[in-house]
Amino acid sequence: MTTPHTARPDNTPLVGVRTHTDIDLALKDQAGHGGAPQFAAGASAAYTWALGRTDRSPITGTGAARGFPGLPLLTAEVDASVVQLDDATTRGDARDYIQGVHDALAWICGYSDQPA
36 MTTPHTARPD NTPLVGVRTH TDIDLALKDQ AGHGGAPQFA AGASAAYTWA
86 LGRTDRSPIT GTGAARGFPG LPLLTAEVDA SVVQLDDATT RGDARDYIQG
136 VHDALAWICG YSDQPA
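Residue numbers (our numbering): 36 to 151.
Accuracy of the hints is not assured; some may be wrong.
[Stated by the list, open to error] Taking lysine to any residue and the SDA-like style, the derived pairs with C-alpha atoms no more than 25 Å apart in a straight line are:
{"id": "1", "residue 1": "63", "residue 2": "129"}
{"id": "2", "residue 1": "63", "residue 2": "96"}
{"id": "3", "residue 1": "63", "residue 2": "122"}
{"id": "4", "residue 1": "63", "residue 2": "108"}
{"id": "5", "residue 1": "63", "residue 2": "83"}
{"id": "6", "residue 1": "63", "residue 2": "130"}
{"id": "7", "residue 1": "63", "residue 2": "102"}
{"id": "8", "residue 1": "63", "residue 2": "145"}
{"id": "9", "residue 1": "63", "residue 2": "95"}
{"id": "10", "residue 1": "63", "residue 2": "123"}
{"id": "11", "residue 1": "63", "residue 2": "73"}
{"id": "12", "residue 1": "63", "residue 2": "76"}
{"id": "13", "residue 1": "63", "residue 2": "98"}
{"id": "14", "residue 1": "63", "residue 2": "150"}
{"id": "15", "residue 1": "63", "residue 2": "110"}
{"id": "16", "residue 1": "63", "residue 2": "87"}
{"id": "17", "residue 1": "63", "residue 2": "147"}
{"id": "18", "residue 1": "63", "residue 2": "79"}
{"id": "19", "residue 1": "63", "residue 2": "144"}
{"id": "20", "residue 1": "63", "residue 2": "89"}
{"id": "21", "residue 1": "63", "residue 2": "90"}
{"id": "22", "residue 1": "63", "residue 2": "149"}
{"id": "23", "residue 1": "63", "residue 2": "113"}
{"id": "24", "residue 1": "63", "residue 2": "49"}
{"id": "25", "residue 1": "63", "residue 2": "52"}
{"id": "26", "residue 1": "63", "residue 2": "48"}
{"id": "27", "residue 1": "63", "residue 2": "53"}
{"id": "28", "residue 1": "63", "residue 2": "121"}
{"id": "29", "residue 1": "63", "residue 2": "88"}
{"id": "30", "residue 1": "63", "residue 2": "148"}
{"id": "31", "residue 1": "63", "residue 2": "124"}
{"id": "32", "residue 1": "63", "residue 2": "106"}
{"id": "33", "residue 1": "63", "residue 2": "86"}
{"id": "34", "residue 1": "63", "residue 2": "91"}
{"id": "35", "residue 1": "63", "residue 2": "101"}
{"id": "36", "residue 1": "63", "residue 2": "134"}
{"id": "37", "residue 1": "63", "residue 2": "75"}
[Said to hold, decoys possible] Taking CB as the label site, the calculated pair distances span:
{"id": "38", "residue 1": "56", "residue 2": "123", "range": "36 to 44 Å"}
{"id": "39", "residue 1": "89", "residue 2": "114", "range": "33 to 41 Å"}
{"id": "40", "residue 1": "124", "residue 2": "48", "range": "37 to 45 Å"}
Read the hints as simulated data drawn from the structure, not as lab findings. Each residue gets a CB set at the ideal place from its N, CA and C atoms; glycine is no exception.
Put together the whole structure using the sequences plus the hints.
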């Protein structure tokens, strides 16, 4: 399910509970951080997808969405990341990537106060 936008009372468009501008800034800021490369790649993939700049979601590969993913689709992707993180067989770089996606989308959905 996608949505063109929801908006705050001042008509600022939202993706999840964040503004498009806030997500774009988090994406740009993520590129400037060090840390685990796969974590950064996962966070960047999540931000890019949330901004509608790619057709495929970063965990499930859900595709063909037009516009920005709505909150139900964003939270479904967070849930998918939690399932994979809970899987003891998920290791190393894959775990770092999934954690980056999770942290970015959790922030976009309002589950966290800090971007990835």
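For each hint, the structure was consulted:
1. 63 to 129: Judged against 25 Å, a Cα distance of about 22 Å means the pair holds.
2. 63 to 96: Holds, because 23 Å separates the two Cα atoms, which is no more than 25 Å.
3. 63 to 122: violated (30 Å)
4. 63 to 108: Answer holds: residue 63 to residue 108 is near 23 Å, not above 25 Å.
5. 63 to 83: holds (10 Å)
6. 63 to 130: This hinted pair holds, its Cα atoms lying about 22 Å apart.
7. 63 to 102: Holds, because 21 Å separates the two Cα atoms, which is no more than 25 Å.
8. 63 to 145: holds (19 Å)
9. 63 to 95: holds (24 Å)
10. 63 to 123: Violated, at roughly 32 Å.
11. 63 to 73: Between residue 63 and residue 73 the Cα gap is close to 16 Å, so the pair holds against 25 Å.
12. 63 to 76: Status holds; Cα separation ~12 Å.
13. 63 to 98: holds (24 Å)
14. 63 to 150: holds (11 Å)
15. 63 to 110: Between residue 63 and residue 110 the Cα gap is close to 23 Å, so the pair holds against 25 Å.
16. 63 to 87: With a Cα-Cα distance of about 15 Å, the restraint between residue 63 and residue 87 holds, given a limit of 25 Å.
17. 63 to 147: The given pair, whose Cα atoms are some 19 Å apart, holds under the 25 Å limit.
18. 63 to 79: Given pair residue 63, residue 79 holds - Cα atoms ~9 Å apart, limit 25 Å.
19. 63 to 144: holds (19 Å)
20. 63 to 89: holds (16 Å)
21. 63 to 90: holds (20 Å)
22. 63 to 149: Since the Cα atoms of residue 63 and residue 149 sit roughly 15 Å apart, the hinted pair holds (cutoff 25 Å).
23. 63 to 113: holds (21 Å)
24. 63 to 49: holds (18 Å)
25. 63 to 52: Given pair residue 63, residue 52 holds - Cα atoms ~19 Å apart, limit 25 Å.
26. 63 to 48: Status holds; Cα separation ~19 Å.
27. 63 to 53: Holds, because 15 Å separates the two Cα atoms, which is no more than 25 Å.
28. 63 to 121: The hint is violated at about 29 Å.
29. 63 to 88: holds (14 Å)
30. 63 to 148: holds (18 Å)
31. 63 to 124: violated (32 Å)
32. 63 to 106: holds (22 Å)
33. 63 to 86: Holds: residue 63 and residue 86 sit about 12 Å apart, inside 25 Å.
34. 63 to 91: Within the cut-off at roughly 20 Å; holds.
35. 63 to 101: holds (23 Å)
36. 63 to 134: holds (18 Å)
37. 63 to 75: holds (11 Å)
38. 56 to 123: 36 to 44 Å: Since residue 56 and residue 123 have Cβ atoms about 39 Å apart, the given range 36 to 44 Å holds.
39. 89 to 114: 33 to 41 Å: Violated - the Cβ-Cβ distance for residue 89 and residue 114, about 20 Å, lies outside 33 to 41 Å.
40. 124 to 48: 37 to 45 Å: Taking Cβ atoms as reference, residue 124 and residue 48 lie about 39 Å apart, which means the hint holds.
Hints 3, 10, 28, 31, 39 from the earlier list are contradicted by this structure; the remaining hints agree with it.
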